[in-house]
Structure formats: C-alpha cells, structure tokens
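Number of protein chains: 2
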Amino acid sequence: MLPFMHMLRRAGLVKRILATRRQYSSRFGYEHSRCLVFSNFGQPEKVLKLHSYSIPPPYDDIINVRFIASPINPADINQIEGVYPEKPEFTLGLGTGEKSAVPGNEGLVEIVSCGSRVNPSIRPGQWAIMSGPNFGTWRTYAQAKESNLIIIPDREGISPLQAATVSVNPSTAYCMLKYFAGLGSGDYFIQNAANSGVGRSAIQIGRLWGFKSINIVRDRPDIDRLKEELRLLGGTEVITETEAKDRRYMAKITEGRSIKLALNCVGGESATNLARILGHNGHLITYGAMSKSPFSVPASALIFKNIHCHGFWISAWSKRNEAAKSQMIRDILSWVRDGEFTDIPYEITKWSGDTELETLMEPVKRGISEYSGRKGIFLMDED
Amino acid sequence: MLPFMHMLRRAGLVKRILATRRQYSSRFGYEHSRCLVFSNFGQPEKVLKLHSYSIPPPYDDIINVRFIASPINPADINQIEGVYPEKPEFTLGLGTGEKSAVPGNEGLVEIVSCGSRVNPSIRPGQWAIMSGPNFGTWRTYAQAKESNLIIIPDREGISPLQAATVSVNPSTAYCMLKYFAGLGSGDYFIQNAANSGVGRSAIQIGRLWGFKSINIVRDRPDIDRLKEELRLLGGTEVITETEAKDRRYMAKITEGRSIKLALNCVGGESATNLARILGHNGHLITYGAMSKSPFSVPASALIFKNIHCHGFWISAWSKRNEAAKSQMIRDILSWVRDGEFTDIPYEITKWSGDTELETLMEPVKRGISEYSGRKGIFLMDED
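Chains as they are written, first to last, in our numbering: chain A, 1 to 383; chain B, 1 to 383.
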C-alpha cells in the first residue's frame, strides 16, 4: 500500500502547484465553460446538447470553480428523463436560446478564484464537493456560492475520483448502516446488489465498524472471481441470488444468528427474499429498484416477525442533516486517506476542450442500458 | 342511553347475587368443565372434539374460574389449523387419551373460588380477562393463576360481551393509533376493512382522541346504510375501495392534507393503494391479511416519500407491555362504561351443559368461510 500512497501524495503536490498558477491566470480573465444541457425532459440521447458559455470573473460572494470529476449516477439519468422527484432549475443564465439545465448532481471541483466577500478560508486550489443535489455538475467550469460547497480541508492521499464519488454511494451505505438498526460489533447485515457502488461501500464500512456482512450478487459466469474480490474488501460471505433463496444454506452461513438489517437496491423477488431472511425486529431499507419490479412483503413477516420496511434517499437526508453530512464526508475521506477504503471500479470518460457530444454521451447511454458494476465518471482535463 | 345503563346495572346486581351463592356451592365441590379440544393441527371441523372433565377445588395459588364469554377470532382458527406462529401447549392434564389443547385465546371469566394462597384482593364473583394468549378459552370452567388474569375492578355498566372482546380488537386499534405515527388532534389516518372489529374500534378511539379518519370498506349493495352507520360511530369519511383508488376524489376528501397513518388488514391491491395515499413520512401498519395476498410496496414510496411499513401483533405487544396493557384495558372499559364506545355486532352462540359439538362448530366454520362484519362469540350459560 505504501508506494501507492506516496504516488498519490506526490500527485497532490503537483496539483497544488498547478492550482497556484491557475489562481493568477484566471483571476482577471473569463473562464470558458463547456456543459451538457437539456431544455426538456426525455431520453438523454434525444434531449442532451453540448453548450459553451463564458464565465466572468467572480465578484462579491461568487466563487469560480473548475470541475475535476463528475460521476454519472442512475439518479442523474432519471432526472434527465423527468422521472426523478427532484427537478433541476431551468434557466436562461447559461446563454442558451431556451431555458436549460445542466445535468449531474455529484462532482468534485477546484476553487479557481473568489469574489471579494467570499469567506477568506476558501482559497484557490482547494478541492470541494457539492453540498447538495441539483447543482449541475456535467460541465467544466461554473460559478458557485459557499453554501453550494463542502471544502475538503486535506486532500492529501485522496484521488480526484475518490473525492468526486464520496457523497452518493459511500454516503448512502454509511447512513443505512448507521441510522436504522443500531448494529453493534459482530452483528450481521445482508444486502443485494453487493457489487454496486453502494454495495462495495457497505462491505468496507461494515468491515471498518466490525459488522458481518452477507453479500448477494447475481449469478454470473465469473462468480468465483467476484466472490473472492468482495471477500477481500471485507465481505464475510458472498453468495448468489440462488444461494440466498436456499433456507438451509442461509441458516448454515449465519449459524442461526439473527440478521438485523437488510439493504435492498434490487426490489422484486430479491427484496421479498430479504424480508424472509431478516430476523425478528429486523429492518429492510430500500434505496434502489434496479429490477424495476416492486416487491411484495409477506404480512406474516410484518406482523409475526415485526420487521420494518423503510426507504433511504441520500438527497433528502443531506438536506436535513448538514452537520452530520460534513462529519460523514470527513470520516469517509479519512478512511480513503488511510488506505482503508478502496475505489470502486470506474469507467472513465475524459472530457477536454474539444471532446464531442458523442463521446460524452457514451457513458450516459451505458448507464441506461446496462449495469456493469463500474461507475461512469467524467474526468475533466485541466485545459 | 340511561335506561340501558340502568338495565345493565341491575343485571350486574343480579349476577353478583348469583356469584355470591356460587362461591359457597363450589368451594367444596368439583366443577364440571366442558371444552373443545384438539390433538393435531388441521381443519377445525376435522380435529375439534367436545370433551368433559372435572376440576377439583382450588388449593395454594390456584383460582377456579367460570367462562362467561369467549370470542372466536380469526387467529384462533389459524392456531387450530397450525398456521399461526403461536402454538398452544398440548397436555394430558385434561384427561384426554392423547395430548390435547383447548383452542381460544380471548375470554371473560368469573372468579368461582380461590386457593388459600391466592392474593386476597381476588374474590369470587369478580370478572377477569386473560392476561395473554394461549390460555384455551373455549371451555366452561378452568383453573388459572393470578398471572393468567387481568381483574376488571369495576364491571358496572359493562356487558359480558364487551368485556370479553376488549383485549384483541379494541386493543389492536388503540395501540396502532397510539404508538406509531405520533398523531395529534385533527390529524388524519386511513384504514381498510373499516367495518371489521378493529376497524370499528379505530373509528371510535380516533373520534375520542380527536383524529380524523378515512374509512375504506368493500363495495357492496347496501353501501349507503353502512357508510351512515360508520359515520355515526365517528368516521370522518367512509368510502369504498373503488373510491379510494380515485386520486382526485381522495385529494378532495383530505383537502390536500397529508395522511400520516394507514392501518391495513387486507393486503393485496388495497394495501398498495394505502401506500400510494399515505403522505410524506407516513406509517403503514399491517395487522391482518384478509385478502390472503401479499402487497407490493412501490420503491418510490419508500425512497422518495419516506414511508415506513410495520406490522402489529397484539399478542407480542401484550407480552412486552404488561403495565401498558392494564392501563389500556382500563381506558377502553371506562369508555364502554361511559357509553362512548359501542359494541361491535355479535353473532352469539349459546353454550350450555347440553350444547352439542355440531352447534359449537357452526360459528367456527362461519369464521373460516366468510367475513360477515359480525364477531362470533360463545356465551356460556351459568349452569
């Protein structure tokens, strides 16, 4: 692990030098931002356009930021389609002919320059992530206010991809493990979609907090390799959906111990099976519906086993819990820095000054059509 | 109301006179008990038998009791079928050839005589209900201990049928309204199966606590009469399942106000519709599954509306909350006494010394085959 940490630290150093230079080059000039925009809800390939506009130097409490990396989350795509309850603001401020919005909710920025009334603790070269949803992160530059940003005080040892992806997947896993079932050291939780971004985060956070995890993945040809990989992350057991339906097998795995918490990103039969597996007084938390099927809850599990079903939505939680969110981000990034929290596999799309719409659309289309276990992310060139 | 109360009081007086006589007649003699018994789980008409046995005079902490009334609840029938999680104890103590159990979980008894070490506050002639499930209440006499009984300190103004049915249906409604959603005066709740024993109780307790109720019943020919009846009990709105699926109609009824609590005894589509109707942060409590269909929960209602699904089982709650249960019984019986809590419709089966098995089986079979909105109950003759 050590040589890798060294490399990261050196990379951080190089970045800071670059950032310091940038501070002077852009303070007096305009930034040229390129962004994806949409004016109507619909299929991303039909409604997304590439747009360029100029950003003036910041004044008052305005902060000019450069995007370093912006993930492509399923929620972003649902938002473009118009099927997500959180709608972006459509504005003429981008210089488009009709009112438009920039998609993307998660992202890492670098502070480029600050208006005269910006809190002096915010300085060019610092990294920050979005404090909440709906900023519009699929662009290269933007103007923000302090309230839009959570500054990352110490970015040493943290890669841009890690920082950019901290506020949705690892945060969702962190909250679900922390706030629902009062898990203690040695307690079991179970989850489906264990190979997803949230799933891999839950495995690792569970390991760090001393929880035992039973991780369900879909049956696939290379299942042994995947099982080994997730066990190396800290998963106590990694099993297939088929194995999870075998009651004897499950009893053997848990040695008859009760499972207090189940995390559900799939729905349908997989979720109903989690309700069956859960022990008395257990909690089933739904945070996704990858199968696009609702799940049925047996009344007997509710009445006689006293299980509870809840949902979790990181956007809503973040709005209600600002202080807890900042603390959570610090916790997760400190694990990253210590090498205890490993990257999820990324599918990187480079975004430089001349990247075409077609190239940018590729990961968006992949995000709709398949779930590969790799997280799509735009990585912006500093040009 | 007054003449009725007078009649009850006079009836109570007569009972007490009879009870005082009985105290002497049975203290030195044996009671002859007749009971329904079963030795194997199965269809009630196949496994239930009528059995007679003698009960000796009480000694030490034993209390001899006479059953006054014993309801026939759906759970009792499920217990005989073997599909209920709570199993009765099969014993040779009844003098049957093979190990047997007496069905029935709810009932009202009169104290007949007490052993020498019974708490002196327990006296012949007093009424008591079962403190928990599994006593076996479908019989005419039994031996109990103090821990099996909740003494009803003041039975004036309470009919035997009301006292006998207080610990399942009204108690279930009381707990669900009190412990889940933090309802306050003027808040809405919604329920299906509003014409059931629990449903009618919830309407009345809701009225007493200042809650507004939306009560869903199945479409039926005499719907207007039933709507009027449930409104007279205190239901704010009484609507059919069809009307409950009409979003515009629902929005008009609630004047756009959010519904915080839904009580579900039906399952299937009816329950899924409750999940749709519930407002943000609402709670859906399942206490029955009359449709025998599990219900599906839309992931969006869990994630984006943050609704919570729970179950409620009065047996389990009673075991964990003895003091709260005694207080609840006192609350409900005081409403009954004040004429503020009305009987549910009963289907009475008289049980005297020579009643045949066939007669006793009729309400049990009815309990399986139909849901009439009337509660089956055995009313024992004092013979």
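It should be emphasised that the hints constitute simulated quantities derived from the structure, not laboratory data.
Predicted model, so just to flag it, every value in this text is computed and none were measured.
Among these hints, one or two may not hold up.
Copies of the same chain look alike in the list, so a pair counts if it fits in one copy or across any two.
Said to hold, decoys possible - As a list, the in silico SDA-like pairs of lysine to any residue whose alpha-carbon atoms are at most 20 Å apart:
hint : residue 1 : residue 2
1    : LYS227    : ALA75
2    : LYS292    : GLY268
3    : LYS227    : LEU360
4    : LYS252    : GLU81
5    : LYS292    : PRO74
6    : LYS319    : ASN306
7    : LYS87     : ASN306
8    : LYS292    : ALA251
9    : LYS87     : LYS99
10   : LYS245    : GLU362
11   : LYS178    : GLU156
12   : LYS292    : PRO221
13   : LYS245    : ALA144
14   : LYS319    : HIS280
15   : LYS252    : GLU98
16   : LYS365    : LEU92
17   : LYS319    : PRO160
18   : LYS178    : HIS308
19   : LYS87     : SER300
20   : LYS49     : THR342
21   : LYS292    : GLU269
22   : LYS319    : SER300
Going down the list of hints, with the structure as the test:
1. LYS227 to ALA75: Neither, since 27 Å and 44 Å both go past 20 Å.
2. LYS292 to GLY268: both (8 Å within a copy, 19 Å between copies)
3. LYS227 to LEU360: neither (32 Å within a copy, 60 Å between copies)
4. LYS252 to GLU81: neither (44 Å within a copy, 30 Å between copies)
5. LYS292 to PRO74: Classified as within; 13 Å inside a copy, 36 Å across copies.
6. LYS319 to ASN306: Classified as between: cross-chain Cα gap 14 Å, same-chain 30 Å, threshold 20 Å.
7. LYS87 to ASN306: Classified as between; 18 Å across copies, 36 Å inside a copy.
8. LYS292 to ALA251: neither (29 Å within a copy, 27 Å between copies)
9. LYS87 to LYS99: within (14 Å within a copy, 66 Å between copies)
10. LYS245 to GLU362: For LYS245 and GLU362, the Cα distance exceeds 20 Å both inside one copy (36 Å) and across copies (41 Å).
11. LYS178 to GLU156: For LYS178 and GLU156, the Cα distance exceeds 20 Å both inside one copy (27 Å) and across copies (52 Å).
12. LYS292 to PRO221: neither (23 Å within a copy, 39 Å between copies)
13. LYS245 to ALA144: Intra 49 Å, inter 44 Å, cutoff 20 Å: neither.
14. LYS319 to HIS280: Intra 32 Å, inter 15 Å, cutoff 20 Å: inter-copy only.
15. LYS252 to GLU98: neither (61 Å within a copy, 36 Å between copies)
16. LYS365 to LEU92: Neither way: LYS365 and LEU92 sit 27 Å apart in one copy and 71 Å across, limit 20 Å.
17. LYS319 to PRO160: neither (24 Å within a copy, 55 Å between copies)
18. LYS178 to HIS308: Intra 16 Å, inter 17 Å, cutoff 20 Å: intra and inter.
19. LYS87 to SER300: between (38 Å within a copy, 15 Å between copies)
20. LYS49 to THR342: Close neither inside one copy (34 Å) nor across copies (66 Å); limit 20 Å.
21. LYS292 to GLU269: both (11 Å within a copy, 18 Å between copies)
22. LYS319 to SER300: Between copies only: 18 Å across, 35 Å inside.
The earlier numbered hints that this structure contradicts are 1, 3, 4, 8, 10, 11, 12, 13, 15, 16, 17 and 20.
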